[in-house]
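One line per chain: the protein sequences are A and B, in this order.
Okay, so the first sequence: first residue is 373 according to our numbering, each after it adds one.
Okay, so the second sequence: first residue is 35 according to our numbering, each after it adds one.
Bear in mind the hints are in silico, worked out from the structure with no lab data behind them.
Computed from a prediction, not measured in an experiment: that's the story for all the values here.
For glycine and all other residues, C-beta sits at the position ideal for the given N, C-alpha and C.
Treat the hints with caution; some may be incorrect.
[Said to hold, decoys possible] Estimated spans, in silico, between C-beta atoms of each pair:
1. A:Gly399 / B:Glu88: 32 to 40 Å
2. B:Asn141 / A:Ala577: 50 to 58 Å
3. B:Glu196 / A:Gly425: 55 to 63 Å
4. A:Met561 / B:Pro244: 39 to 47 Å
5. B:Ser115 / A:Cys603: 50 to 58 Å
6. B:Asp280 / A:Pro458: 35 to 43 Å
7. A:Glu435 / B:Asp280: 51 to 59 Å
8. A:Thr397 / B:Thr76: 48 to 56 Å
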Amino acid sequence: MKIIACIKQVPDSEAKVKVENGQITWGESPLVINPFDEYAVEGALQQKEAHSGTVTALCIGPESAKEALKYALAMGADDAILISDPALEDIDSIGAARVLTAAIQKIGGVDMVMFGRQTLDNGTGLTPAQTARFLGWPMLGWVGRITVEDGRVTVERVLEEGRQIVKAKLPAVLSIVQSIGEPRYPSFMGIRRASKATIPVWTLADLGLSAPTAAVKRVEIMNPPVRETVCQIITGDTPEAIAEALVEKILAEKVL
Amino acid sequence: MKTWVYIDHFKGEVQPSSWEALGLGKTFDSVTALVFGSGVETLVKAAFEYGADEVIVVDHPELGDYRAEPYASTLSALASSHTPDLILLPTTARTRELSAMAAVDLNSGVLTDVTAVEVNGDQIVFTRPIYEGKVLEKTICTARPIFVALRARSFPKPPRQEGRSGPVIRAEAKVDAQSIIAGYSTTEASVNLGDASVIVSGGRGVSNNPALGLDEKATAQKGFELIGELAAVLGGAVGASRAAVDAGYISYAHQVGQTGKVVSPDLYIACGISGAIQHLVGMRNSKLIVAINKDPEAPIFQQAHYGVVGDLFQIVPALIAAFKKRLGK
Ligand SMILES: Cc1cc2nc3c(=O)[nH]c(=O)nc-3n(C[C@H](O)[C@H](O)[C@H](O)COP(=O)(O)OP(=O)(O)OC[C@H]3O[C@@H](n4cnc5c(N)ncnc54)[C@H](O)[C@@H]3O)c2cc1C
Numbered sequence: 373m374k375i376i377a378c379i380k381q382v383p384d385s386e387a388k389v390k391v392e393n394g395q396i397t398w399g400e401s402p403l404v405i406n407p408f409d410e411y412a413v414e415g416a417l418q419q420k421e422a423h424s425g426t427v428t429a430l431c432i433g434p435e436s437a438k439e440a441l442k443y444a445l446a447m448g449a450d451d452a453i454l455i456s457d458p459a460l461e462d463i464d465s466i467g468a469a470r471v472l473t474a475a476i477q478k479i480g481g482v483d484m485v486m487f488g489r490q491t492l493d494n495g496t497g498l499t500p501a502q503t504a505r506f507l508g509w510p511m512l513g514w515v516g517r518i519t520v521e522d523g524r525v526t527v528e529r530v531l532e533e534g535r536q537i538v539k540a541k542l543p544a545v546l547s548i549v550q551s552i553g554e555p556r557y558p559s560f561m562g563i564r565r566a567s568k569a570t571i572p573v574w575t576l577a578d579l580g581l582s583a584p585t586a587a588v589k590r591v592e593i594m595n596p597p598v599r600e601t602v603c604q605i606i607t608g609d610t611p612e613a614i615a616e617a618l619v620e621k622i623l624a625e626k627v628l
Numbered sequence: 035m036k037t038w039v040y041i042d043h044f045k046g047e048v049q050p051s052s053w054e055a056l057g058l059g060k061t062f063d064s065v066t067a068l069v070f071g072s073g074v075e076t077l078v079k080a081a082f083e084y085g086a087d088e089v090i091v092v093d094h095p096e097l098g099d100y101r102a103e104p105y106a107s108t109l110s111a112l113a114s115s116h117t118p119d120l121i122l123l124p125t126t127a128r129t130r131e132l133s134a135m136a137a138v139d140l141n142s143g144v145l146t147d148v149t150a151v152e153v154n155g156d157q158i159v160f161t162r163p164i165y166e167g168k169v170l171e172k173t174i175c176t177a178r179p180i181f182v183a184l185r186a187r188s189f190p191k192p193p194r195q196e197g198r199s200g201p202v203i204r205a206e207a208k209v210d211a212q213s214i215i216a217g218y219s220t221t222e223a224s225v226n227l228g229d230a231s232v233i234v235s236g237g238r239g240v241s242n243n244p245a246l247g248l249d250e251k252a253t254a255q256k257g258f259e260l261i262g263e264l265a266a267v268l269g270g271a272v273g274a275s276r277a278a279v280d281a282g283y284i285s286y287a288h289q290v291g292q293t294g295k296v297v298s299p300d301l302y303i304a305c306g307i308s309g310a311i312q313h314l315v316g317m318r319n320s321k322l323i324v325a326i327n328k329d330p331e332a333p334i335f336q337q338a339h340y341g342v343v344g345d346l347f348q349i350v351p352a353l354i355a356a357f358k359k360r361l362g363k
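Model the full structure from these sequences, guided by the hints.
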């Protein structure tokens, strides 16, 4: 089984991201593998363990994004590829999907492509389905469990309406959610191996693509309005007294 | 500006934010609503009553279960023959896929989680949160049609006008599904956090009933029973922190926060939730936030408007009783 886990590098989930002098900054916070994508790597490794095969981590980003790929290697991915090109700086989700599709086709013989549900930065959640569309493969989104048998995949999708069991033929594109299980921590051996790995860098020319033009363009960034809240602590002699006082307050706010 | 609104539904149950999209569309121009599915006449009627001026219906047995491929192919075929400028949708797991794929077919663009739209002549500017709402961006899209997926509860829901109707156009389905739906698990109730006006959430604290012994799992379920009961009294939905989901107390679909759902109800009651940043980014835009936590130092109190420092196993039952009394239930 040949599996690709698509990952992205983003500011850490605790980062205080803000706009400063017209730029998005996150201070000293580190860049990390997108937390949703750890589930994709975890899902890919689970399938590799169940059926043998390889897991390749694939990332579009600057040279520094190699660190995110090394994290995937340390978790247990077999190899990693970075797609990096100055022309990719302002791509939109369709542009990213087009580039990933070309890379997946160049790798060849792929059975499953796994994504996280969305990224912490742009958060559009569009790229998995767009990649599936370009590839012409089935899209199985929000997957929490995977079984593969005889070239068919059965997944459990974790949706607001409940869990849905869906079957499709391989190859397929999946987006993986938290129910797949806690992403494994990099092992000591894994970290050693990752630190020694050389990660090939593919440019647009290597993929036979010209520079994409993005239809979706950012024209302005801003900080959201600050919200000053002062918490009023409700006290009372008994839980009943507290509850009654709190209910009064809530009803007076007219939110019900 | 030719405006379409896609009515998102699950087996005939409309995602209420579809009507918010209809309401927004009406502020630009007359609106054509799109209803796809199998046996969807009641949805067509509802679309007119919420303001659609025309409805395009694609009714086909193969569309009975939503699947991304046939829905996207049907949508992009219609859009390429009718050339709308805007296609508005609510942002759901389904519409992210649908708009993503249709935009590939039409070589266009999608904006998700849109919270504001400004029209300045030919230019339309969309506001949407990025970095989990820590930053806002304004974007434009140079291709047409623009798929605009709105964040739930960001635009007013139009009033329903009983008996309103209009012309119906019947169109062909493209049936190219690449997957089979083998079943639904019915053990879990469905949850619609995005549209809920009241959410009562439980965290790790629901497994910590000081009055009980060690059997964590059993007490946890008791804790969520209380959360569920309070939510029911208020007509709201049940949310959860990741700690509660990871511990297996409740399914992932209930999770609020960075790796769960982003919500903005009128009232959010957090019970036994500490208020980690990854939880806060999912709920801090709620109109009124109430926190119940036994730790006075819990960071959730910094985001809350009202707080109770106490044991949720005592406070929540008292709250249920007090609300029942005041709301006449
Ligand atoms: C990448 C990443 C993504 C994440 N995404 C999410 C996300 O989407 N959503 C999310 O919620 N978290 C998320 N987290 C986890 C987050 O950091 C916290 O670990 C989590 O929110 C903690 O949940 P909690 O508040 O229920 O538990 P805790 O932090 O353990 O807090 C439990 C609280 O309950 C209180 N308590 C205990 N017993 C009682 C009682 N009887 N009565 C009243 N109060 C009581 C305690 O005082 C405490 O404050 C994410 C973390 C990471 C690293």
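Hints, verified against the model:
no.	hint	verdict
1	A:Gly399 / B:Glu88: 32 to 40 Å	51 Å, violated
2	B:Asn141 / A:Ala577: 50 to 58 Å	22 Å, violated
3	B:Glu196 / A:Gly425: 55 to 63 Å	59 Å, holds
4	A:Met561 / B:Pro244: 39 to 47 Å	44 Å, holds
5	B:Ser115 / A:Cys603: 50 to 58 Å	56 Å, holds
6	B:Asp280 / A:Pro458: 35 to 43 Å	40 Å, holds
7	A:Glu435 / B:Asp280: 51 to 59 Å	34 Å, violated
8	A:Thr397 / B:Thr76: 48 to 56 Å	51 Å, holds
Of the numbered hints stated above, those contradicted by the structure are hints 1, 2, 7, listed in ascending order.
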